[in-house]
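Chemist: Next come the chains, spelled out residue by residue.
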Amino acid sequence: MLTPPRGRGSRRPPLAGRHRKDGSPPTLQGGAAGGHCGYISPVLQLRFENVRRRFGRLSVLQGVTGGVGPGELLAVTGPNGSGKSTLLRCLSGLLAPDGGTIEYRENGHPLDAAARRRRVGVVAPDLAFYGEMTVGENLEFFARLRRMPPDRGLAVLDRLQLPLDRMASALSSGMRQRLRWGWALLHSPRLLLLDEPFQNFDAAGERIARELLAEHLAGGGAAVVANPSTLELDDVAGRLDLGR
Amino acid sequence: MKTFSAWLLWLWMCLVIVGAFFYAPIAVGFRSPGSSRILFFHVPMAWTSFLAFIAAAVWSVKYLLRRNPRDDRAADVAIQLGLLFGVLATVTGALWANIEWGQYWNWDPRQTSLLASILFYAAYLGLRQSVEEPEKRARLAAAYALLGLVVTPFLFWVVPRITTSLHPDPVVNQSGKVDMDAPNLQVLLASGLGFAALFFWIHNLQCRLQALSERRATPKE
Amino acid sequence: MWRDASTWAAEAAAVFAKEWRCEFRTLYALNTLALFAFTTLVVVSFSLGPLGVERSAGSAVLPVLLWIILLFSVAAGLPRTFVQEEESQTAMALRLSATPSALFCGKLLYNLTLVLALEVLVTPAYLIMTSLRVASPGLLVAVLAAGGFGLATGSTLVAAIIAQARSKGTLFSVLSFPIFLPLLILAVELTRGAVFGDPGGVAVPVLLLYDASLTVAGLMLFPLVWNP
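Chains as they are written, first to last, in the working numbering: chain C, 9 to 252; chain W, 69 to 289; chain Y, 53 to 280.
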């Protein structure tokens, strides 16, 4: 539909100027704690061009272009209503754009929207979990859905200090945000799509999350972060400003 | 070319009407043979409503494959017209049934199946009304229209079982297709073709009308 | 993209287990079904008993009423499977992790067990309160199972459709009843046969065929309904 057909020629070389700062190819830092298992993809690329999306009469995205490669972070900024969340939704495959293309490759294989949906890690303010189950049961359920052994990613949960036995409905908003991070990282995704990722965090939570993000990037992953303009992010490879 | 075909269609339907009343011989075996001429219109209208529902399913498939809003609009209009023809067929059928068998509604298998499919496709319109986002509406409606392809054959296959078992009196097959002499058959088929062409013509007009009114409602930025 | 069957089945099983785990903790669906079914049952029995419909006239009608009770209870209690996901916003997490076909099957199995539980609760009570004697109980069980399966599979697909629309309650009835009509007709005919002792005849394979068609249609249409 809106992504190019598969098998279109060989791998494209990474975009110029997108390597890490010291010019070395991305590698996994040995012994990185935080639950990233040893698998790493040599080529990881997200590229979107001229993405458009309207809701009824309101044109939210009017031709947005950008991309990320391994170890890079793309910060999407703009005022409220500028389409940051909409863009992230399109990138994650939850929303189909009205126009433009979104291309995502892992290991050189292009993935369509359905595959992309399951591969990415998403943190978003409207992400919710089952209140009738505990935190542990929720994560176990989603691990089974993603066909992973349920104990994978436990190290991440440890670092986030998630109380596995508490009912998901009884979590504070800060804890809920930690649960979203835990859920997003559970399947060791290569691409993180973070919509207001530090919302509701206390100082400790934000520190842990920033560490996790840094480790993810250092390990060769990519991230697109939709960010209120007031928040500082380190190590930003590219900026995309949707402000009018 | 379009105007020419429209006029041709008009001429064709005039001929059909004239043929139904003057050319076709009086049908034997009916209680009121004169009024049985309504069948030349009633039966093609039922055929046309089936044609409309099948066409809607085809457009729904096209939409799901290519996501072109035009296909969604075509499916929507096709179902609206299918309902129109279906209701007309039901009404004309009931009128005729009253003359022929003394009551408007007989639980005749065809009558009942047609009514049930009208209910199904009226629900399609209800579904469209309940979803605001155009892309979601199109997708859900297309899925439901395709579900109709599965359900309606069963309706027409299953309903006769029960109506004939509830009403053991043999109800004459409404189309009376067996033993039709040539002029009757000619008029019937000509009428069928005419109504089918009418469907496509109205469909084309209505699609364009709906497209225009949509464009007026959402100005391009 | 097909993975091996064992893991797909495990995914569907996980969905099924999750549904029942949540259900056991809230008992929402079972309560709704039971309450609605029993209230309707009592009303129906009243109209047939004390209000004085002749016993002989009644027994021709009783199979129909049983299925009407089941149909309306299903419409009251089953749509929640998908509506709940959208309303509590867990649908987003599901869309990002589940394979649509496995999700559909897991929910379908859950709805099936709900319908079967409903039938187990309602049918004996119905037979007792209406003093209905059944000539072939085996056939009755078979009809309830096959008809119940059809109700479950139709409900699952329609619930998925209406969960994304407004006015979900009424829309479910409007969309699903035409779909259930062939099923109901066949089930009533077979139930009547079970009560009076007529053999099933051709109706049984047609009912199973309809169930199968609905299931296949559901499996094929669900990914289109679920994903953008």
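Just to be clear, a hint being listed does not mean it is correct.
Claimed, not checked - Straight-line Cα separation of at most 20 Å, SDA-like style, residue types lysine to any residue; simulated pairs:
| id | chain 1 | residue 1 | chain 2 | residue 2 |
| --- | --- | --- | --- | --- |
| 1 | W | Lys204 | Y | Ala127 |
| 2 | W | Lys204 | Y | Met272 |
| 3 | W | Lys70 | W | Val86 |
| 4 | W | Lys204 | Y | Gly221 |
| 5 | W | Lys204 | Y | Ser183 |
| 6 | W | Lys204 | Y | Trp72 |
| 7 | W | Lys130 | Y | Gln141 |
| 8 | W | Lys204 | Y | Gln141 |
| 9 | W | Lys204 | C | Gly64 |
Rather than coming from a laboratory, the hints here were simulated on the basis of the structure.
Chemist: Does each hint hold? Answer for all of them.
Modeler: Going down the list of hints, with the structure as the test:
For the proposed pair W:Lys204 and Y:Ala127, the alpha carbon gap of about 23 Å is over 20 Å, so the pair is violated. Taken as a hint, the W:Lys204 and Y:Met272 pair is honoured in the structure, with Cα atoms around 17 Å apart against an allowance of 20 Å. For the given pair, W:Lys70 sits about 24 Å from W:Val86 by alpha-carbon distance, which is inconsistent with the 20 Å threshold. At most 20 Å may separate the alpha-carbon atoms for a hinted pair to count; W:Lys204 and Y:Gly221 meet this at roughly 19 Å.
Note on W:Lys204 and Y:Ser183: the hinted pairing is violated, with a Cα-Cα distance of about 49 Å set against a maximum of 20 Å. For the proposed pair W:Lys204 and Y:Trp72, the alpha carbon gap of about 30 Å is over 20 Å, so the pair is violated. Between W:Lys130 and Y:Gln141 the alpha-carbon distance is near 31 Å, which puts this suggested pair outside the 20 Å criterion. Simply put, W:Lys204 and Y:Gln141 have alpha-carbon atoms about 17 Å apart, close enough for the 20 Å limit, and the pair holds.
Among the hinted pairs, W:Lys204 with C:Gly64 is consistent with the structure: their alpha-carbon atoms are about 12 Å apart, no more than 20 Å.
In this structure, the earlier hints numbered 1, 3, 5, 6 and 7 are contradicted, and the remaining ones agree with it.
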